[in-house]
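Asker: Going by the numbering used here, the first residue of the sequence shown is number 3, and it counts up by one from there.
No wet-lab data here; the hints were simulated from the structure.
A few of these clues could be false.
Unchecked claim - Here are the computed lysine-lysine pairs in the DSS-like style, where the Cα-Cα straight-line distance is at most 27 angstroms:
#	residue 1	residue 2
1	694	626
2	410	787
3	810	787
4	410	448
5	410	12
6	681	694
7	707	527
8	739	694
9	331	374
10	527	739
11	374	299
12	694	646
13	646	331
14	448	194
15	331	194
16	787	739
17	626	448
Stated by the list, open to error - Derived CB-CB ranges, DEER-like:
#	residue 1	residue 2	range
18	243	609	31 to 37 angstroms
19	191	234	30 to 36 angstroms
20	458	200	52 to 58 angstroms
21	238	9	31 to 37 angstroms
22	908	938	37 to 43 angstroms
Every residue gets a Cβ at the ideal spot worked out from N, C-alpha and C, and that includes glycine.
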Amino acid sequence: MFRFIWKYSKRDQLILLAVTSTLFPLLYLTLELPKRIINDAIGATSSIVEFWGYSLPQTNFLIILCFAFLVAVLAHGLMKMRINTMKGVLSERMLRRLRYQLISRTLRFPQPYFERVSQGELVSMITAESEPMGGLMGDAISQPVLQAGQMITILSFLFLQSFWFGLAAVALIPVQAWLIPRLQRQINLLNKRRIQEVRVLAAQIGENAAGASTLRANGGWRYRRAMISDQLGRLFGIRFEIYQKKFFMKFINNFISQLTPFMFYLVGGLLVLQGSVSLGALVAALAAYKDLSSPWKELLTYYNQTQDMSLRWDVVIERFAPSGMQDEKLFEGEPEARPHLNRDIVLDRVSVRDIDGNQVLDDLNLTFPHGKTIGVAAPSEEDRRAIGELLTREILPSAGRVEIGDQKLSELHQGIVAARIGYASSRPVMFQGTLGDNVMMPMRYKPLSNAADDPDFPETLRAGNSTDPFKAEWLDPSLAGLDSATALRDWWLRLIDGMGSGAALFQRGAEQEFNATEHPELAQKLVELRPRVQQAVHEAGLEQHALIFDRDSYNSALPVAENLLFATPRVSVTQDLLAQQTVFLGQLRELGLDETLIALTRDVIDMLRQIFGLDGTDHPLFRKLGLEAQTYETAVELVERTRKEGAAGLDDGQLANLLAVPLVISAEQIGPAFTDELKDRILELRHSHSEKLLERLQDVFVPLKPDEFAPGLTVMENALFGKVSQIGGVRSDEARKLIVDVLDENGARPLVVELIYDIPVSLGGQNLPAVFAEPLAFTRATIKKPDILILENALASYDMQTQVAVYKNLRELLPETTVIYLNDQFESPDVFDMYVEIRQGRVVTDEGPADVEEDSAASADLARKLRALEQTPLFSGLDRRQLRLLAFGARWFNAAPGQVVFLKDDQPTDGAYVVLDGEAGLYLPQIEGPDQLIAKVGAGALVGELGLIRKEPRALSMVAETELSCLRIGEEEFLAVVENDAATAFKLLQVIAGYVSN
């Protein structure tokens, strides 16, 4: 750690050291001047004092010395403040550097390492655990020098006054240095014991809470309370021991600290009486000794802190230096050239091992020809992921090499890999921002402008952070061979259409709200198309489901506030926003609408409380209402008050909270509680008072006008100038499709799809519907026009016919790109220029997977079991680790023709059988005559699993029809896999569904 501090802050540490050294003369002055004031000024023997050749009156001399003391104290304080500020800045700068370096290291971790280390652990180390290290980095050199210098200065002053004063001051310091740390270590050990016992107590409390009903039903509460009492007693004993040692240590420390003043008073007093020492010197010595304890304590604290931080540093650095990290040189700076990777991809005897050292890919010898479409079928997800990560250099081979033409993939700069190789899966990682930010990530490789407008950037460089300015233009269309951002967006739209997602995204885009100032062309287009959309709705007879705005009628799909004002909100209507509109609330009270709306709120809240309760606000149906959870919870409490006091007992904030419920929910959502009489009342008030009410709400609402764009409405609603009913079912869906078709026919589609680009993405993409995941992954990988494109299950949701169409479209869009499709299987392998099948990490040929030499008989047996299990449909996609566990517990079973494997009504404790070779019959025993043959099973079949799952006796008998070879999987191993692997459980469900259908 000190090597890191010295390497990156040597200059700053030396400057801080030089500034710190200026403090000691000032400190000495603050000690010397009080002595001079007492001895030379106050204790002067005459009224005239000689000072540096000048004769001064005693009073003037006293004033001069006092002001000199004041100046010395002020200068000392200011210098100390400056030193502390410099230390603070240096600490934060070094902490910033450390965190940046740790975060940069995580970007070079091998992908398998993230499976072993949790994100929470990394975050905690970078944030919380590194925080105290920053403080030490600023104090590393200056703190011991400062505190030791202060001690030496004070001791020097004491020795100059009297040798005995100095000796008395240092005499007991060795005793403190030896005794106090030992007592502190004992207290630290007790604290560790206390933490362990608190964890035991927490576990017991958790058990009691989870099993309270069991304790009540079985009379166990008294025993558990006695157990808790016993545990609390152990905690009390440990804490009592801590208190004893802690306060004894304080007593010893305070006693030793006060023992020295006792010596000063005793010995110093005798010396003063004898005339060996002046009274001023004794007073100054006492004051100096009082200041001696502080730097001594600081030095002890510094020592303990360095020991603790050094251990913490070793732990953090060890965690952030895993084996297999990418070379830092491949990430830093710019590559000398950015060559195209338009050559054959050669895997030369490539093997890959996982983080536990187990083989994943074994001795692959493959050549993927440039510019061709290649299909790689691998039932195991682990195999597919390993191939994808190998070709993108997320993992390095444990043996062999990957070459593209004459270039080794392992030696390419990461900038070349990122620019020339695209990768997409069906589960893309999304970052907070917008959909466009995520899609255009490959187009933001480096900044295109400098940081002239960023005043904070020089400090960023001083802290050793990124040399790339954040506040700069990053989007570089030239990376895709394009000349403008507009051309880049057009290329993105072509990719969207090419993968067949244009229609789905167009539909989603039509449901988005947008800002007219950012998309003026679309806003104008929607207003122009309103007559055509309304005509189409009329001709289709959908007026009851596509509710067009009319000033003379109530629109049930529009919230109450918007109906009352016949306006749409510029911003979201919240309780806080309503509370600020005091004039508007006062007008509602004058019109008597407050009581009416509160009565409506009571009905709505009662209904919502029955459906969602108080803890159901996270439900998607509740979020769809647009009502804030806090507003709802507060409204529940206020509703009970209004039953007694009415609206009169509410202030404006409380009234706003209640009104936020009906003002954001429509009559359709409220249901029968929203009566026709109330609708008529609101219509009357609209005609009589809406203009007056709107005068005070111009910053919040915009009047609805047929020839103007309406903010707060979606694309579809603006095109209709109305709302589509939420309760119309299929007919409402027809209305939506009709509106979208009219927009498409009139050329609005590209403008609408562009809105998808601006959709906000929350942390981890949690707010993004699944329909966006595949288009995002696909277009992010292809937007840069890569030389090599790897698609791992990227089109998993598409049927085979659509997938083939996308293959062809992609080939037209990227004619020179080598496209590699990774999937568990392909229905039509003949559509590829090259087709490869990989099972258990090996290429499958017509003769089956190639055998390799094993290390031992045990590993050979395990490998045979793995190959056998992986060839069965149920276990083919199982995670390799789960598959190994299953294989380890499996046993070989052979049966001769006619041999009974198990009988009907046998207990299923022997497990399930995977048929590897041969044929067996499943028979239903008959009371009279031969057993009835129900089915015959052959290689790949799994028999007996239903008995394991249901824990019931065998339903049929199993008899070998030919020479039979099986793997018998034990009950415990089988159930463990089913319970812990969702994919296997789902496949098993499909198998059982097949039994039912048969």
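Asker: The structure should be examined with respect to each hint, and the outcome stated for every one.
Answerer: Status of each hint after checking the structure:
1. 694 - 626: At roughly 32 angstroms apart (the allowed maximum being 27 angstroms), residue 626 and residue 694 break the hint.
2. 410 - 787: Measuring from Cα to Cα gives roughly 21 angstroms; hence the hint holds.
3. 810 - 787: With Cα atoms ~16 angstroms apart, residue 810 and residue 787 stay inside 27 angstroms; holds.
4. 410 - 448: holds, 24 angstroms
5. 410 - 12: violated, 40 angstroms
6. 681 - 694: holds, 19 angstroms
7. 707 - 527: The given pair, whose Cα atoms are some 15 angstroms apart, holds under the 27 angstroms limit.
8. 739 - 694: Since the Cα atoms of residue 739 and residue 694 sit roughly 38 angstroms apart, the hinted pair is violated (cutoff 27 angstroms).
9. 331 - 374: violated, 32 angstroms
10. 527 - 739: Holds: residue 527 and residue 739 sit about 18 angstroms apart, inside 27 angstroms.
11. 374 - 299: Not satisfied, since the Cα-Cα distance of roughly 73 angstroms exceeds 27 angstroms.
12. 694 - 646: Given pair residue 694, residue 646 is violated - Cα atoms ~32 angstroms apart, limit 27 angstroms.
13. 646 - 331: At roughly 74 angstroms apart (the allowed maximum being 27 angstroms), residue 331 and residue 646 break the hint.
14. 448 - 194: Violated - the C-alpha atoms of residue 194 and residue 448 are around 49 angstroms apart, more than 27 angstroms.
15. 331 - 194: Violated: residue 331 and residue 194 sit about 43 angstroms apart, past 27 angstroms.
16. 787 - 739: Given pair residue 787, residue 739 is violated - Cα atoms ~34 angstroms apart, limit 27 angstroms.
17. 626 - 448: violated, 40 angstroms
18. 243 - 609: 31 to 37 angstroms: violated, 60 angstroms
19. 191 - 234: 30 to 36 angstroms: Check failed, 21 angstroms falls outside 30 to 36 angstroms.
20. 458 - 200: 52 to 58 angstroms: violated, 44 angstroms
21. 238 - 9: 31 to 37 angstroms: violated, 49 angstroms
22. 908 - 938: 37 to 43 angstroms: For residue 938 against residue 908, whose Cβ atoms are near 20 angstroms apart, the range 37 to 43 angstroms is violated.
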